[in-house]
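Engineer: Now for the letters of each chain:
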Amino acid sequence: MHPDLDPQRSGLARLLRELPESAAAPYGYREFEQRALARAHQEHGHAGGRRLAVAAVLFLAALAVLLRLNGTPHTAPHGLGAAEVRGAPGLDPEDAPAPSAGTAERWLASLPSEPAMVRVGTRAAVMGLEDRIAQVDDLLTATGDAGSAPERLRALQQERSRLVGTLVQVRYAQTLANASP
Amino acid sequence: MSKSPWFGFCGTAAIAGLVLVSLAGAAVPVAAPPVPPVPVAPSAPTQAEIDKRLQAAQKQLEQAANEVARLSTQLSDTMLSEVMPLVGPHVIIGVQLEKAADHTGARVREVSPGGPAAEAGIRVDDVIVAVNGTELKGENPPHQLSSILHGVKPDTPLSVRVLRQGKPLDFKVTARGGPGLFGPGHDMDFNVALPELPEMFVNRPLRDMELATLTPRLGSYFGSDKGVLVVRAPADGTLRLEDGDVILAIDGREPKSGSHATRILSSYQSGERVTLRIIRQHKALDLETTIPERSARHETRYLSPEAGTRATQVVFGNDEA
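Quick note, the sequences are listed as chains A and B, same order. Just so you know, we're using the numbering used here here: the first sequence kicks off at -10 and counts up by one. Just so you know, we're using the numbering used here here: the second sequence kicks off at 954 and counts up by one.
Only chain B is shown next, with the shape it has when bound in the complex (with noise of 0.2 angstroms):
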């Protein structure tokens, strides 16, 4: 009795050792294993460097971001051929119509982000009453003005009148040439369905040249008042361009801004003669260019209205990837 205190004590600390190793057994050095070579630290990079880098992956990302549009784009093919023969050729506004709840015109129900009437200044919830003065008050007003938009050429202002909240509202919505109406000549029978981003704005030559909408501000130091600048021309020449030229026309089509520029070169094909009205350190010029070829492999596809069918034209360049 008198010793069963003294051995629960050694009993007691006996166990608080094993376990204190136990706990400590990553600490014991039964077996060390071999010590791996310390790597050499890799030099921190420089502020330059991480620059570079990340005007490099900027760069990558802006060019995924634009490989997105255009595969989403293709992806849209199938289903819209197979619309587009019931609808036939015609321009682009970019709004979804339907009448109006009191019949007194097509209530806007979508507006296309960056469409044509989008960039009017058209709304949700408008109602189009009139267009080019012809006042939409028949049975179906939303088909009314599709058959107007029939008749109507590519670049062409439209007239358009809308009730806002009851107030009547007038707008210039210049409609785009829509399915049918792209293709060399602009020709209204042209059978080309579904318009493509050209191959050359996607890669080379075109890709990475920048424009500048003048301001008359900025304009004075180029000596004019509008047009738009280039501000870093195609690197290898292309349509004869040079940074700080100020493109006042193209084939006498004056684009309004940087914008428009784009979709006025994007509207013509590889190989297709345009002149440049430019002005350049103060003096205009007339360059006579030539729209530089696509990437081989670049495919155009056609539609007949009539039968449905497709056919590919495969148009071949030299320009690189």
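Same shape as in the complex, but just chain A (with noise of 0.2 angstroms):
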């Protein structure tokens, strides 16, 4: 034997002697459901971040889309010309119409007054709104001045407010019907 082993030798049986008496066993398959289900949490939590990040995209998209639309003149479907139409100041804030309306006015502003082609019973349909419209604004006028009831006059507004959304689903859907495919 030689001597120069002995140190060694007994070096190794100390390192021996220090391991623990088993390996550690593979986990078994209530662990595995622990890790399983913690994998999954972790997974989901990484999902739920990414639909999160999603859904603030598009929030911040249609934020973009109402901002433009409300803040600046606008281009018609079909590449109408785009007119501008300003607020109406001197209304009351209550009686103010909403920002939409003015979105909607300036897109049927952008409309051409007179299409190449009428059909009549569709431009009738139209010029019964319109005519609609135009007589709510004159009484708005009339009864204004005649010292009216706010509440009448905030009637009035808000059935032109509705007549013009009608309007503008009309011409809206009469675009589409119209539209060449």
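Note that these hints are calculated values from the structure, not bench results. Glycine included, C-beta positions come from ideal geometry on N, C-alpha and C. Mixed in with the good hints there might be a few duds.
One side of the interface only, derived from the structure: several residues of chain B facing chain A at Cβ under 7 angstroms [what the hints assert, rightly or not]:
(1) Thr1026
(2) Pro1095
(3) Pro1158
(4) Arg1160
(5) Leu1164
(6) Thr1168
(7) Gly1211
(8) Ile1217
Relying on the hints, combine the two individually framed chains into one complex.
Structural biologist: See the structure below:
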């Protein structure tokens, strides 16, 4: 026996003795379940974060579109020319039309006043609405200067907003209906 | 001790096997459900069929929009019938007015979309300073303008002078018949309160008629430099019009556009006689015709401005919806 090996053998024996009696066993099914659950939670958290990020981006995009629609004149569908229509200063805050009303009227103003082709039934339907809005506007002038009750003025103003909203719906539907595929 | 790892391995393998079996449970053919018969896929529609369906859907969309317009207009009847007696009959110009800050006239607060003022080019913030030569310099210029409108007949062009950013501009605003001014003969004393879309335009026979405003270049093909081209005449011969006719005048009133022709026609009552001056195949003709009947159950509402009461006249016709 080589004498030099003795110290190594004793050191090796010491290391071996310090080892645990058995190596850590592979984790059991219960631990597998726990780890799988933990992993799922982690992945869920990442997915939730991704969804949150997507929602935030969508919200910002919608906000940008909204600001653009409310803040600047825009071009109507099918490349129709844009028209600038200003707001209605001078109204009491309560009587002021909603911001979307300005957008709606901008879009209406951007439509051609006289389409190249007029379908009589369609045009008559639109004219009926337009005349009614004009009637309400003239009534607002006439009753406003006669010192009419504020509730009546407010009701007329709301009626005007409703009619303008309908006019937008109708003209948009007609635009879609007349669009070539 | 020496068997422990082996049992551990076997146990783990058994559990793993159970897990795999349970996960693959759906694939284990324990009791296979009866296989439903595979539906025979319908043959794909042709391009022509799709196009036909699309056109039908677009037509439905348009008709629905027209119905929405009609019903929405009717919805405001009640409110307006309450306010109308306070104002009385007058023509419509389609603006909301208020006193200008410096008492120079009537400031335009709102312009009605598609209204007479909008068509003439008047805008929000314009200050109306004169109408038909009468200056609006009184204590209450909007009231002054309303008073002027009470004496104006429908379709009368009004000379309106405005200040736009301090600069004077002149416009021609054609007043429309408003409450109290529509009706047979367009009599100023007639008590019809709320003009309503005639049924004959909502349904047949005039609904599908198509008109185009003639341009000089287009008019050269039809022998006229003005008028309204009938692109599609009513299918059942209503008004005796034919495709390609050019309407020059309706009872002497010259339509300036398809919309204007529609407006003139809509001012007639069912059964009224009307003379159409037309060009057909380069020859001028006068057509004596009758405004078609409306559908049954069509109601025309009347209002007495004095009493604020309303009566209903039901006009029966032979038109089908």
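Engineer: Confirm or reject each hint.
Structural biologist: Evaluated hints:
1. Interface restraint check for Thr1026(B): the shortest CB-CB distance to chain A comes to about 5 angstroms, inside 7 angstroms, so the restraint holds.
2. Interface restraint check for Pro1095(B): the shortest CB-CB distance to chain A comes to about 5 angstroms, inside 7 angstroms, so the restraint holds.
3. The criterion of a C-beta within 7 angstroms of any C-beta in chain A is not met by Pro1158(B), whose closest approach is roughly 10 angstroms, and the hint is violated.
4. Taking 7 angstroms as the C-beta cut-off, the interface hint given for Arg1160(B) holds, the closest approach to chain A being about 3 angstroms.
5. Taking 7 angstroms as the C-beta contact cut-off toward chain A, the hint placing Leu1164(B) at the interface holds, the least distance being around 5 angstroms.
6. Hint status for Thr1168(B): violated, given a least beta-carbon distance of 10 angstroms to chain A, over 7 angstroms.
7. With 7 angstroms as the threshold, the beta carbon of Gly1211(B) comes within range of chain A, its nearest partner Cβ sitting at about 3 angstroms, so the hint holds.
8. Hint on Ile1217(B) is violated. Least Cβ distance to chain A is approximately 11 angstroms, over the 7 angstroms limit.
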